[in-house]
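Given these sequences and hints, build the entire structure.
So the protein lines, in turn, are chains H and L. For reference, each letter of the first sequence is one residue, going 1 to 509 in the numbering used here. For reference, each letter of the second sequence is one residue, going 1 to 224 in the numbering used here.
Honestly, I wouldn't trust all of these hints.
Computed cross-link-like contacts, DMTMM-like style, restricted to lysine to aspartate or glutamate with a CA-CA straight-line distance of at most 20 angstroms [as the list claims (entries may be wrong)]:
(1) Lys147(H) with Glu485(H)
(2) Lys446(H) with Glu27(L)
(3) Lys438(H) with Glu23(L)
(4) Lys70(L) with Glu20(L)
(5) Lys446(H) with Asp221(L)
(6) Lys446(H) with Asp136(L)
(7) Lys154(L) with Glu173(L)
(8) Lys446(H) with Glu71(L)
(9) Lys70(L) with Glu485(H)
(10) Lys438(H) with Glu71(L)
(11) Lys103(L) with Asp136(L)
(12) Lys438(H) with Asp22(L)
(13) Lys438(H) with Asp136(L)
(14) Lys154(L) with Glu71(L)
(15) Lys446(H) with Glu96(L)
(16) Lys198(L) with Asp464(H)
No lab work stands behind these hints, which were simulated from the structure alone.
Each chain is listed here by its residues.
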Amino acid sequence: MPREGLLIENPFERLSKDELMHIHNASLELLTDPGLICYNEEAASIFADGGADVSPLLDTSPPCRIVKIPERLVNEAVDRSPSKIILGARKPEHMLVMHGHEPKVHFVTGSETNIWLDVEFQDYAGKTDPSKEIRIPEFIARRGTLKDLCTSARVSEHLETLDGFIRNVNIQDADITEDNKDVNKVFASLDNTTKHVMVGLTNIDQLDNVVKMAELIAGGKDALKENPVISFITCLVKSPLQFVNDTTRSFIEICRRGLPVVVSSSPQAGTTAPIREAGIIAQINAEVLAGITLGQLVNPGTPIMYGSVPVRTRMDTLADSYGAVETSQYNIDCVQLARHYGLPNYSTSGVCDPKIPGQQSSVERLFSNILVTLSGPQFLHCAYGLLDCNSVFCLLQAVLDDAHFKMIKFFLQPARCDEGEIDAMIRQIRDVAATPQKLYIRTIRKVLRSGLLSPPYPFEGSADKDEVFARANDRMEELLKKPVEHIDKKTTEKIFKEIPGILPRLNPN
Amino acid sequence: MSEEILTLLKENVIQGRITEEDEGIDENLSGPGAVELTEAALEQNIPVQDIVTKGLTAGMDIVGQRFSAKEYYVPDMLASAEAVSAAMDILKPHLEKSQVETKGTFAIATVRGDIHDIGKNIVATLIKGAGYEVVDLGIDVPTDKIIEYVRDKKPAFLGLSALLTTTMLFMGEVIEALKDAGLRDTVRVFVGGAAVSKEFAAEIGADAYCADGFEAVRILDSVA
Ligand code: B12
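Quick look at the structure:
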């Protein structure tokens, strides 16, 4: 049995049928005029062979082409793209099964952050009443390490609402190089969680080592196809409308191996995309469709997810603003488009602008988490623990996020108003109305113990104190002590023997 | 046999089952509830004193412990208190006959002008469940009606509830009227309700302010 996922009965949509078709048509128009600039030679020739209009762009360095993709190719690609995608896991109960037409949400971590935030608590004496102790968290930033990634994956294993893992710590140890980074981050992730692991490659030359590792864990080449314990995320299109060279190369190679892959585009409204909704959505949709078309030309039937991470820019710095309200609007539009094409969608919520956990981070993340979840993306990169627009990761925040997703999941349970329930309630109302006190308190008890009642906020403080951070920290410490099921000894030995570059300190044997 | 009935009665108090039709917390518990068991105990001539202490109070003690340990919630506490109340109603005539001293009568009212009664009803249930006789005078009770009752029935305790800042003033009015009628020393006045505070209670000369029903039972048990 795969993980359950959260079915959204009536997904929230912003676009009317007409509006959606306008966007779709606009995207098709953009794919032929202006088309995409392609910096990858191989992609250009694949497009040309497939029937796209490819012409050299003069006077450019590096040399590049203009690729104009006709509607026919896009339609064929969408048809060939599987609507059902399975993401595997070391433990079969953590598999994810996604259908492009079914708004069933799976919650996942992400993305790679440079800064790891530790937390320490300091006690202060109150100013009006010095006997009153006030506990304040102090957040300490430092560069992320391999050990942190292991810790994060381990805790992720125990976050109940979390369905899958995207490595969220950029490993910056002195002995990590461009060549050994991929094998180390993938092994660290796979060894510390039995959930699905999605990977963004640093160096395409490491692809085969990473795939080999996954094969050893899954039990062979065919077993990996059945149970893809890893999948990939690629940002091959740079906004606006440009196929970059190296990631496009990675993408082509991944497609050739037939493993699940996300074509993700992340335009910034205001800098690399129009700031107006219709503009950024038409553009990102064109970019993602272009990527999917390339993938299906390389290897028809490759499981490709529609990846959309549109974001608005901040007006003070022009940096990404995930906290901006429009960011959620854009993401929700893309979820609707992907569902229209019947492709499983990778979407984003929960990232926030502030650098540390606090009121702003709580408001911003909960806001987008609720809204984007309601739109029903199949694979929601919901940024457990991410702050400062993807630059900072804080485990304490991830623990808080897990608790808040529990509330969202509780809220989204279907209503129960069938005949039997209504009859029972009418009886109950009559019974209580006939008593002198007219209170329903007795009837609470059964519900209280049946799991039908939402639990109190888990980090509530006592008396007049806000102790949320301190209590979440206790929970985090608890989770840190929990063990995980590592990759078995024999397989680990094989991995270390056959795959070069994994640092000995990751070997428990 | 008598031991068995009292153990069952205690268990039913813990589970908050008034009658055999009630569901407790434990799904497996069925059969007679607190009411039927109390009747059976009387039929078998088990001393009333034992029914109260070994059955009802013993059960309530455990409920209290579970509540402190956060295993039980207020609804559970109330359900158990209701089971005890129902049993006490059956035992009442026998208690009088056997001259077992009751803990005293607690009369309770929401004062004039105020119709809030959720808190008052909860407090009444808890106090009754703790073994006091409770007389509920209702809501929006005029001051002279309260005085009349105190004069006629001589309750040991009088509880006043008010949730409005406007109606809480009538609590002071009741106390003044008790004084005027020469009844102030015959009754201990407890006040409560969201509008009321410890300071206000002191100001109007009430004997006790209670934040909730549990505090009321604690204070009652310490003065009764
Ligand atoms: C539910 C409610 C109502 C319900 C009452 C239903 C009912 N069956 O009682 C309804 C909708 C009818 C109602 C009506 C009104 N309400 Co009203 N109501 C409330 C509310 C939301 C909750 C009260 C409640 O039941 N709490 C739950 C119980 C368990 O708590 P409790 O009553 O405080 O009781 C506990 C303790 O206080 C203590 N206790 C209470 N009494 C006693 C007595 C003794 C002896 C002891 C020992 C202990 C004790 O133990 C209890 C158990 O733990 C409060 C808000 C609040 N924060 O209190 C407003 C509130 C009390 N209501 C308010 C108002 C204004 C009104 C109305 C005037 C509104 C209107 N304009 O029509 C009317 C009142 C009409 C009237 N003449 O009384 C205001 C009062 C403001 C003020 N000026 O003081 C409040 C505070 C809301 C607000 N912030 O505006 N209300």
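Notebook entry, point to check: Within 20 angstroms, alpha carbon to alpha carbon, are lysine 70(L) and glutamate 20(L)?
Noted result: Violated - the C-alpha atoms of glutamate 20(L) and lysine 70(L) are around 27 angstroms apart, more than 20 angstroms.
Notebook entry, point to check: Taking 20 angstroms as the top limit, are the C-alpha atoms of lysine 446(H) and aspartate 136(L) close enough?
Noted result: Outside the cut-off at roughly 28 angstroms; violated.
Note to self: Holds or violated: lysine 438(H) and aspartate 136(L), Cα atoms, limit 20 angstroms.
What the structure shows: Holds, at roughly 14 angstroms.
Check: Is the hinted pair lysine 70(L) and glutamate 485(H) satisfied, with a Cα-Cα distance of at most 20 angstroms?
Finding: violated (33 angstroms)
Note to self: With the threshold set at 20 angstroms, check whether the alpha-carbon distance from lysine 154(L) to glutamate 71(L) stays at or below it.
What the structure shows: violated (39 angstroms)
Margin query: Would the hint linking lysine 438(H) and aspartate 22(L) be met if the CA-CA limit is 20 angstroms?
Written below: holds (17 angstroms)
Next item on the list: With a cut-off of 20 angstroms on the C-alpha distance, tell me whether lysine 438(H) and glutamate 23(L) pass.
Entry: holds (19 angstroms)
Notebook entry, point to check: Would the pair lysine 446(H) and glutamate 27(L) pass a check requiring their Cα atoms to be no farther apart than 20 angstroms?
Noted result: Holds, at about 10 angstroms.
Margin query: Please verify whether lysine 438(H) and glutamate 71(L) have alpha carbons no more than 20 angstroms apart.
Written below: Violated, because 26 angstroms separates the two Cα atoms, which is more than 20 angstroms.
Next item on the list: Would you mind confirming whether the straight-line C-alpha gap from lysine 198(L) to aspartate 464(H) stays at or under 20 angstroms?
Entry: Holds: lysine 198(L) and aspartate 464(H) sit about 18 angstroms apart, inside 20 angstroms.
Note to self: Checking one constraint from the list: CA of lysine 446(H) to CA of glutamate 96(L), max 20 angstroms. Satisfied?
What the structure shows: Given that 20 angstroms is the threshold and the Cα spacing comes to 36 angstroms, the pair is violated.
Note to self: Between the alpha carbons of lysine 147(H) and glutamate 485(H), is the straight-line distance 20 angstroms or under?
What the structure shows: holds (17 angstroms)
In this structure, the hints that do not hold are numbers 4, 5, 6, 9, 10, 14, 15, in rising order.
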